[in-house]
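Undergrad: Following the hints, complete the assembly by docking chain B onto the known chain A.
The chain contents come next:
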Amino acid sequence: MSAQAPKQIHLAAHFPGVNNTTVWSDPAAGSHIDFDSFVHFARTAERAKFDFLFLAEGLRLREQGGQIYDLDVVGRPDTFTVLAALAAVTERLGLTGTINSTFNEPYEVARQFASLDHLSEGRAAWNVVTSWDAFTGENFRRGGFLPREDRYTRAQEFLATANELFDSWERGAVVADAASGRFLRDGRAGAFAHHGRHFDIEGRFNVPRSPQGRPVIFQAGDSDEGREFAAASADAIFGRYGTLDAGRAFYADVKRRLAAYGRTRDQLKILPAATFVLGDTDAEAHEAAYEVRRLQVSGQTAIKYLEHVWNRDLSAYDPDGPLPDVDPLPGENTIALGRASVRQFRDPLETARRWRALAEAKNLSIRELVISTTSEQTFIGSPATVADSIDTLVQADAADGFILVPHITPGGLDVFADTVVPLLQERGVFRTDYEGTTLRDHLGLAVPGAEPARQTAAAAPAPASTSTSAP
Amino acid sequence: MSEIHLAVALDGAGGHPVAWREPGARPAELFTARHWAGVVAEAEAGLLDFVSFDDGLALQSASPGGQDQRTDQVRGRLDAVLTAARVAPLTRRIGLVPAVTATHTEPFHVSKAVATLDHVSRGRAGLDVRTSGLPYEERHFGRRTAPLREDELHEEAADHVEVVRRLWDSWEDDAEIRDVATGRFVDRHKLHYIDFEGRHFSVRGPSITPRPPQGQPVVTARATDSAAYGLIARAADVGFLPSRDIAGTRAAVAAVRQVRESAGPGGAEPLHLFGELTVFLDQDAAAAADRLGRLDALAGDPYEGGGAPVFTGTAAQLADLLEEHRAAGLSGFRLRPGVISHDLPVITRVLVPELQRRGVFRREYEADTLRGLLGLERPVGRYAVAAPRAS
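Taken in order, these protein sequences are the chains called A and B.
Residue numbers for the first sequence follow our numbering, so the first one is 1 and each next one is one higher.
Residue numbers for the second sequence follow our numbering, so the first one is 1 and each next one is one higher.
Chain A on its own, in the form it takes in the complex (with noise of 0.2 angstroms):
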C-alpha cells in the first residue's frame, strides 16, 4: 500500500433534532415518533454504508421565559428502546446513543448498552453526556444533587464503572455444554466490586460478555475536562468543528493528547456534526440554503435565540427592527431551561457588542442578524463540490468524518446518500460496501481487552497491548 494512500472518510447520520435546525414546516417533513420515520432514516443511512445512526437526547422538555417551548420539534423516542427495535430493521448500521451519567445507574445502563450490543450483533455505541442542572433532576429520584463541579468525575467514574461490568465476563465465559451440564466456565463469572466516590457497589453482573466487548464510546464535550475525558476514554468525538481551520485546531489538540494514555492517533476518531443543503449547481444550492435558513429562524425563533445571550424576556421587540439596546443580564442563563447550547456564550456582553456593531455596519434586522451568524450550513453545492469540501477537510486532518444532520425527517438524508455517496465511492476514500459486521470494524477500532477485571486479582488490570480478537 502507498503512503500516499487517502483516508477512509467515517460517515453517519444523525436523526434530526428538537431545535430549530429541524425544519418541521416543510411538506415534506415526516413524524418524529411514528417508527416508520426511523426506519426509513436508517435505511437509508444503511443503503449509504454509513457507519452509524447517531441519536441525541435529552431528559426534559425545553421551556423558555417559564413556558415550555414549542417553536421546534418536541418530543422523542427512549434511546435504547428505538435502537434496539432498529437493529431488527437492519444488519449493518452502527447504533449510537445519547445516554446521560448524571440521570441513570451503572449497573442498569451497562446492562441495557450489552443487551443492545447482542441484541444487534455487535453494532452498539454509547454517547456519554453529563450533566448537573436541577431543572432536569426534577424528573429523577436523585434530581439535582450533582454540583456541576463533579459532573466530569461522575462521568468519568460511571464510565469506569461500566467499563469493569462490561469486562467481568470473559470471553467464552457462557459454555453452555448440554452433554456435560456445564453451562458457566467460572461460577464466579460476573463478579465485580467497584469503591469509589461516586459509586460504590459489588456483586455480579448479569449480562455476558458481548460481541464488542464494549460499546463504542463517544464523547461531546468542547471545554478542556472534556477534551481529556475523550482523550482517555472515548474511541470518536461528536465534535462540532466542521471547518477547515477550527477543525484542525481542534484535530490537532485531541490527537495529541492521547499519547498521555498510551494511546494511538488512530484509536480516537473525530467526526463533527454537519449540516448540508445539495443543489444540481452551487447557486441553486446556496439559493436554497438561504431560504432552509429562513425557515429555520423565524421571526419569533430569532427573538428567542436572542434571549439565549440577552438572558430576559425581548418579546417586546421586532424582530425586523434593530437589536435591543438594553445589555444582556449577567449570570448563569436563567431564561432558558434544559438546553445545555446557551453555555456557549462565555461572555454574553461581548457577544452583544460585536453582535450590535455587525448588525449595525451591515443593516440587519434581529431576524437576519440571527440567520447570518447562527445557521450557516457546513456544506452547500452540488453534489461534486460537497463531495469534494468532505474529502478535502478529511484528507487535511480536519476531521475524520462527519455525522450529518438533515434537515427533514425522514427523508432529509435520501439525495446526500443518492447523489454525494457515490461520488465519495468512486474518489476511494469511502466503502462501496461493509467490510466487517460490527461498529468496531466500520470505524476500524480494536476489540477492547478481554481479560477480566477481578478485584481478587493482586496484578495491575492487563495493559491494552494484551488484546485479543475473536477466538
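Read the hints as simulated data drawn from the structure, not as lab findings.
Ideal Cβ placement from N, Cα and C applies to all residues, glycine included.
Check the hints yourself; a few may be wrong.
The calculated label-pair distances, taken between Cβ atoms and stated as ranges, are [what the hints assert, rightly or not]:
#1 B:Ala316 x A:Asp177: 33 to 39 angstroms
#2 A:Ala340 x B:Glu29: 37 to 43 angstroms
#3 A:Gly299 x B:Thr145: 51 to 57 angstroms
#4 A:Thr419 x B:Ala181: 30 to 36 angstroms
#5 A:Ala340 x B:Ser226: 48 to 54 angstroms
#6 A:Glu435 x B:Thr182: 48 to 54 angstroms
Partner residues are not named here, just some residues of chain B that face chain A (Cβ under 8 angstroms, in silico) [said to hold, decoys possible]:
#7 Thr71
#8 Arg75
#9 Gly76
#10 Arg77
#11 Leu82
#12 Phe108
#13 Arg184
TA: Leaving out everything else, chain B in the frame of chain A:
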C-alpha cells in the same frame, strides 16, 4: 361464554433449571436476537394474547440466601425491554410485556421506554412490574443501606406505576399541532406537568415521549402470596395469581377484588386476573410426569415452579383445568413452559386448537393492540378529562 386469554412467560430456555440441556434448546443462542425472534414467532402463530419477558437486576441464583456460584444452570439475561423492542418489528399482533424492577429503576425512564415500545410495536406494549428485596441486588446500586420492607416495596412499586401512568397521559393525543401559521409545533396547553410527590420520589414531567398508541400500555403484576394483592389492585390491568386448586383460586380472586374495592376508585377497569402455571405437556400424562422426573433427576432437585404451580399432563387435561379455573373467576392464564423448545409448541399447536374446538379461544387475532386483545378500551388521558380547554 367468554373466551380464555392466554399468555406465556419466557425466561432463558424455560422454567425448569435444566431446560437448557434438552434437545432443541440451543443454549448457546440464549443471548441472541434469533432465539427470541423464534420463540415469539411461535407464540404469535398460536394467537396468544401476549408474551412476558422475565428480567431482574441481579444474576439468577438458586439460593434464597444470596448469590450462588453454580455453573450448571442458565446465568445471565438480556434486558427485557430491549429484547421486546428487538422482536417488535418482526411480529404484528402479539402483545410484548417486559418485566421491569420498580425498586431500582427511574419511573421517568421506564415510562418513556414502554411508551416507545408501544410506538415501535404500534400498540402492543405492556409492563410487568416487579419488586426486589434482595440485599445482594441492592448492592448493585448502593442507593440504600438496606432493602425496604416488603410492604414498602409494594407501596413504592405502586407509586412507580402511578408516575409511569401519569407520564403516559402527560401528552394529550392531539398535542402535536404543527401550526405553520403561528409557528407552533405543539400546543403547550396539551402538555401537562404530573407533579407527583411521594414518599420515595417526586417527578415533575411531562414525558419527553408523546402519548403511546394505546394511551395506557398494559400493566401486569404478579402475586405469589397475598402481600402483592394491593399492588395488583392499585396498579395493574392484569394480575397473575398462582392457580393451585379451585378453592385457592376462588379465595385469591375474592381477596384481590376486595382489596380493590376497599381502595376505592382509581384502579384500571376492568381488572383481569390470570392464573399462573408452569406446564410440562405430553401426549399422555405419564409421559409428562416421567419427563419432569427425568429433568428433576438431572437437576438434582425437584422443581417447584418458581411460584407458579407445576402442571404435568396432556393438553386436553390442561384445557379442562383452565376451564375449571376460569369458572372460579379467572379470565385468562399465563403459562410458563417448563421447557420452551418442547412445551411452547405443544401450547401453540395442541392446546390452542383444543381450546378452539371447545369454543373458548380465538381463531384469529381480532384486534391490533394488546388492549384490544384484552377487551380494554383505549382510555382518554386523565389530564384531557381534568382540564378541558376554555376555547
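Undergrad: So, for every hint listed, does it hold in this structure?
TA: Structure-based check of each hint:
1. B:Ala316 x A:Asp177: 33 to 39 angstroms: Because 37 angstroms falls inside the window, the suggested range holds.
2. A:Ala340 x B:Glu29: 37 to 43 angstroms: holds, 42 angstroms
3. A:Gly299 x B:Thr145: 51 to 57 angstroms: About 56 angstroms separates the Cβ atoms of Gly299 of chain A and Thr145 of chain B, which means 51 to 57 angstroms holds.
4. A:Thr419 x B:Ala181: 30 to 36 angstroms: holds, 34 angstroms
5. A:Ala340 x B:Ser226: 48 to 54 angstroms: For Ala340 of chain A and Ser226 of chain B the Cβ distance comes to about 49 angstroms; the hint holds.
6. A:Glu435 x B:Thr182: 48 to 54 angstroms: Hint holds: Cβ distance 50 angstroms, inside 48 to 54 angstroms.
7. Thr71: Because about 4 angstroms separates Thr71 of chain B from the closest Cβ in chain A, which is inside the 8 angstroms limit, the hint holds.
8. Arg75: holds, 6 angstroms
9. Gly76: For Gly76 of chain B, the interface hint holds, since the closest Cβ of chain A sits about 5 angstroms away, which is under 8 angstroms.
10. Arg77: holds, 6 angstroms
11. Leu82: holds, 4 angstroms
12. Phe108: holds, 5 angstroms
13. Arg184: Since the shortest Cβ distance to chain A is 5 angstroms, the answer is holds.
The earlier numbered hints are all upheld by this structure, with none contradicted.
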